[in-house]
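Student: For reference, the chains in residue letters:
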Amino acid sequence: MPAREQFRTCPATGLKIHLPAEKLIKANAVAAVVFLAIGGLFGLLVALTRWPAVHLLPAEWFYLVLTAHGLDVLLVWIIFFEMAVLYFASAILLNSRIAAPKAAWTGFWMMLAGAVITNIAVLQGKSSVMFTSYVPMQAQPHFYLGIILFAVGALIGCFVFFGTLVIAKEEHTYEGSVPLVTFGALTAAIIAVFTIASGAIILIPTLLWSLKIVSTIDPLMYKAVWWAMGHSSQQINVSAHVAIWYAIAAIVLGAKPISEKVSRLAFLMYILFLQLASAHHLLVEPGISSEWKIFNTSYAMYLAVLGSLVHGMTVPGSIEAAQRMKGFNNGLFEWLRKAPWGNPAFAGMFLSLILFGFLGGISGVVLGTEQINLIMHNTMYVPGHFHATVVTGTTLAFMALTYLLVPLIFQRELIFPRLAKLQPYLFALGAAGISLFMMGAGTLGVSRRHWDITFADAPLGFEYPGAAFLMMGLNGIAAVLAALGGLIFIVVVVGSILYGKKIEGGAAAGPKPAAVVGKYGSAGTLAIPGTAVLVTVFFIAFVLYYFVNWKYLAEVWPLR
Amino acid sequence: MSIWPPEQKIWWHEPIAKIEIVWIVVAFLWGVAMFFMMIYWHGAGEQNLSNEAYRTSPEAYAAKAQAMIDQYTVRDEGGYPVVHPPAGSEVYLIARLWQWWPILEFEKNQSYRLHISSMDWLHGFSLQPTNINLQIHPGYDMVLTVTPDQSGQFGVVCNEFCGIGHHTMLGRIYVVE
Numbered sequence: 001m002p003a004r005e006q007f008r009t010c011p012a013t014g015l016k017i018h019l020p021a022e023k024l025i026k027a028n029a030v031a032a033v034v035f036l037a038i039g040g041l042f043g044l045l046v047a048l049t050r051w052p053a054v055h056l057l058p059a060e061w062f063y064l065v066l067t068a069h070g071l072d073v074l075l076v077w078i079i080f081f082e083m084a085v086l087y088f089a090s091a092i093l094l095n096s097r098i099a100a101p102k103a104a105w106t107g108f109w110m111m112l113a114g115a116v117i118t119n120i121a122v123l124q125g126k127s128s129v130m131f132t133s134y135v136p137m138q139a140q141p142h143f144y145l146g147i148i149l150f151a152v153g154a155l156i157g158c159f160v161f162f163g164t165l166v167i168a169k170e171e172h173t174y175e176g177s178v179p180l181v182t183f184g185a186l187t188a189a190i191i192a193v194f195t196i197a198s199g200a201i202i203l204i205p206t207l208l209w210s211l212k213i214v215s216t217i218d219p220l221m222y223k224a225v226w227w228a229m230g231h232s233s234q235q236i237n238v239s240a241h242v243a244i245w246y247a248i249a250a251i252v253l254g255a256k257p258i259s260e261k262v263s264r265l266a267f268l269m270y271i272l273f274l275q276l277a278s279a280h281h282l283l284v285e286p287g288i289s290s291e292w293k294i295f296n297t298s299y300a301m302y303l304a305v306l307g308s309l310v311h312g313m314t315v316p317g318s319i320e321a322a323q324r325m326k327g328f329n330n331g332l333f334e335w336l337r338k339a340p341w342g343n344p345a346f347a348g349m350f351l352s353l354i355l356f357g358f359l360g361g362i363s364g365v366v367l368g369t370e371q372i373n374l375i376m377h378n379t380m381y382v383p384g385h386f387h388a389t390v391v392t393g394t395t396l397a398f399m400a401l402t403y404l405l406v407p408l409i410f411q412r413e414l415i416f417p418r419l420a421k422l423q424p425y426l427f428a429l430g431a432a433g434i435s436l437f438m439m440g441a442g443t444l445g446v447s448r449r450h451w452d453i454t455f456a457d458a459p460l461g462f463e464y465p466g467a468a469f470l471m472m473g474l475n476g477i478a479a480v481l482a483a484l485g486g487l488i489f490i491v492v493v494v495g496s497i498l499y500g501k502k503i504e505g506g507a508a509a510g511p512k513p514a515a516v517v518g519k520y521g522s523a524g525t526l527a528i529p530g531t532a533v534l535v536t537v538f539f540i541a542f543v544l545y546y547f548v549n550w551k552y553l554a555e556v557w558p559l560r
Numbered sequence: 001m002s003i004w005p006p007e008q009k010i011w012w013h014e015p016i017a018k019i020e021i022v023w024i025v026v027a028f029l030w031g032v033a034m035f036f037m038m039i040y041w042h043g044a045g046e047q048n049l050s051n052e053a054y055r056t057s058p059e060a061y062a063a064k065a066q067a068m069i070d071q072y073t074v075r076d077e078g079g080y081p082v083v084h085p086p087a088g089s090e091v092y093l094i095a096r097l098w099q100w101w102p103i104l105e106f107e108k109n110q111s112y113r114l115h116i117s118s119m120d121w122l123h124g125f126s127l128q129p130t131n132i133n134l135q136i137h138p139g140y141d142m143v144l145t146v147t148p149d150q151s152g153q154f155g156v157v158c159n160e161f162c163g164i165g166h167h168t169m170l171g172r173i174y175v176v177e
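Chains as they are written, first to last, in the working numbering: chain D, 1 to 560; chain B, 1 to 177.
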């Protein structure tokens with residue numbers, strides 16, 4: 001057993017906190033937030049350039065900044081934060097010491113070095129190849145090298161997480177099975193290993209190709225394997241942010257899963273089926289059979305979607321059950337009306353849940369339908385969809401969790417609590433706007449990754465409909481709102497960590513975890529009619545939107 | 001709570017709430033319905049890719065396209081040949097930095113075997129405003145049988161990033177009555 005002095009006891013939760021684990025969580029969370037700030041700024045520049053009336057950057061800068069935006073937020077911000085989540089869900093929640101902290105630090109520094117190297121490569125201007133870096137377009141070797149370093153660092157972090165689970169089990173730091181949140185984090189880590197392996201399989205040869213050691217890389221093979229990393233890594237985010245939904249519902253409201261079995265099986269669905277998602281990017285590619293496309297794009301009959309649909313019901317259901325236990329029992333929605341909407345952790349979490357489901361989830365299934373992809377592939381609909389998943393879903397959930405990490409791990413009170421209260425709403429509004437308006441523009445055919453949709457410099461002319469320009473303008477306005485929300489987040493979090501009032505050992509400090517509501521079995525018999533109404537509304541929206549898009553498809557030129 | 005270990009060690013024997021079972025069944029059936037919808041559309045729908053494609057090289061593909069251009073060019077527009085191939089014939093469209101070459105002219109409600117391939121990097125064939133989007137790779141000759149059912153002038157936007165001139169890569173297809 002490690003020395004006692006390596007632990008402190010959290011005054012609010014009673015959890016034993018391993019100090020080396022705490023330091024690692026802090027370092028990873030801080031690195032994440034820094035890259036969120038950088039990547040978010042790049043994102044604002046992209047949106048302002050695509051706002052036709054503003055058209056901020058020249059073309060060369062636009063493509064450079066767009067490449068950097070994708071890398072810094074989609075990869076660096078999210079994976080750094082996920083490392084913090086993994087260490088939190090293992091060492092902290094299981095009262096355990098962290099495995100191999102030196103290895104974890106090696107991983108951290110590799111990730112940081114990799115992120116910096118790739119950013120330098122992009123800013124040097126000769127690696128504006130977009131986040132996806134499709135061959136045969138070539139970036140400079142250190143562009144690929146940086147991503148590989150970053151990925152290997154993240155892989156080390158995953159193994160530190162697995163090691164911590166083993167140590168906690170061996171040293172009996174907890175009784176029975178791991179908590180649901182840890183189980184969700186484990187799902188994320190398992191998917192991460194698969195993802196990083198796919199990344200290595202494609203990026204190492206690509207690095208060798210950029211060094212002229214390998215002669216050619218087949219572009220179709222590159223896409224298939226690259227997306228086994230690129231899309232599956234988004235499933236790490238889904239698993240992580242669903243785990244965070246459960247965590248915040250538990251910490252703020254004392255919610256417990258309606259049934260452990262159902263929620264855990266839903267996570268298991270992710271592990272079993274999410275990796276087929278590479279197919280989403282190959283639906284209008286030459287020479288791939290429809291049988292392969294249909295099976296893979298639907299995750300074998302939508303079994304991974306089933307996992308998300310289950311969480312979409314069990315998370316609000318567990319909140320409703322907890323609230324009703326507390327006596328908010330009037331009508332269908334008193335439990336929801338009287339939820340702690342002024343707590344940014346809860347508000348962010350619930351908005352993330354709603355927006356991820358309604359905007360990100362539904363649009364993802366529609367976009368990933370074999371034939372419907374014909375009317376959406378590489379249009380603005382695609383970034384519309386994934387901003388709904390990754391920004392309104394993952395980023396908002398991570399922000400919400402950060403509001404709990406600041407008092408629990410950094411032991412500081414939030415500065416500007418009023419701004420913090422407002423932040424999730426402002427950010428959600430902006431991010432939801434971005435998603436919706438980009439999807440709208442995509443439905444009107446507007447191309448993604450495109451500097452000038454007026455085609456002013458093209459020898460031949462073409463005009464998108466006026467509504468498309470309106471959508472891109474509204475997208476710009478929404479992006480400004482989201483950026484403002486992001487800025488408030490950075491100011492509040494960084495300000496609190498640096499200047500927030502220190503929370504000392506006293507029992508009064510920090511957010512109190514809510515008392516556990518309900519015992520097993522009793523929650524199973526509790527009616528949750530409000531949640532039933534919510535999922536019914538969701539389901540109707542899903543079905544209608546799905547068939548509307550088949551109708552759109554039926555209107556284009558017949559082809560086979 | 002979700003952040004503590006399950007209170008009952010044997011949690012997998014806990015009963016599942018009825019509402020959960022109902023939702024799982026509904027969600028599963030909806031997934032099956034969406035799965036079979038794609039298969040159904042292959043029979044009933046008119047917009048399905050045949051996935052016909054051939055390995056090719058830029059040189060071999062360009063030669064075929066040139067032969068078509070030499071045979072069926074009807075006029076010139078700003079340096080672009082406008083090609084009016086006969087209905088039902090093999091039609092070749094070249095994607096290259098930063099052009100869709102040549103301009104094609106189809107007849108309404110006639111079918112054509114449209115080949116598309118890239119000479120260099122990845123490109124995105126985005127036919128507007130009808131909104132058909134395809135990914136074009138170098139080394140792969142993608143074939144689709146299209147039947148334009150609207151007449152007019154259509155733009156071919158490139159919607160896959162292909163370098164600094166990407167936003168100037170714009171082609172044209174005419175459909176005449």
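Don't read these hints as lab results, they were simulated from the structure.
Take the hints with a grain of salt, since some may be wrong.
To be clear about the criterion: a stretch of chain D counts as covered by chain B if any three or more of its residues have a C-beta under 8 Å from a C-beta of chain B, and this derived list gives those stretches [as the list claims (entries may be wrong)]:
no.	stretch
1	31 to 41
2	139 to 150
3	250 to 256
4	311 to 317
5	377 to 386
6	447 to 457
7	495 to 502
This one's a predicted model, so the numbers in the text were calculated from it and none came from an experiment.
Glycine included, C-beta positions come from ideal geometry on N, C-alpha and C.
Student: Taking beta carbons only, do three or more residues of the stretch 447 to 457 of chain D come closer than 8 Å to chain B?
Tutor: holds (count 9)
Student: Count the residues of the stretch 250 to 256 of chain D whose Cβ falls closer than 8 Å to any Cβ of chain B, and tell me whether that reaches three.
Tutor: Since three or more residues must qualify, the claim that chain B covers the stretch 250 to 256 of chain D holds, with 5 doing so at under 8 Å.
Student: Quick check: the stretch 139 to 150 of chain D, covered by chain B? Criterion 3+ residues, Cβ under 8 Å.
Tutor: violated (count 0)
Student: Would you say the stretch 31 to 41 of chain D counts as covered by chain B, given the rule of at least 3 residues with C-beta under 8 Å?
Tutor: Not satisfied, violated; 0 residues make the cut.
Student: Take the stretch 495 to 502 of chain D, compare each residue's beta carbon with every beta carbon of chain B, and decide whether three or more fall closer than 8 Å.
Tutor: Answer violated; 0 residues pass the 8 Å Cβ test.
Student: Take the stretch 377 to 386 of chain D, compare each residue's beta carbon with every beta carbon of chain B, and decide whether three or more fall closer than 8 Å.
Tutor: Result for this restraint: holds, n = 3.
Student: Verify the coverage statement for the stretch 311 to 317 of chain D against chain B, using a C-beta to C-beta distance below 8 Å and requiring 3 or more qualifying residues.
Tutor: holds (count 3)
Hints 1, 2, 7 from the earlier list are contradicted by this structure; the remaining hints agree with it.
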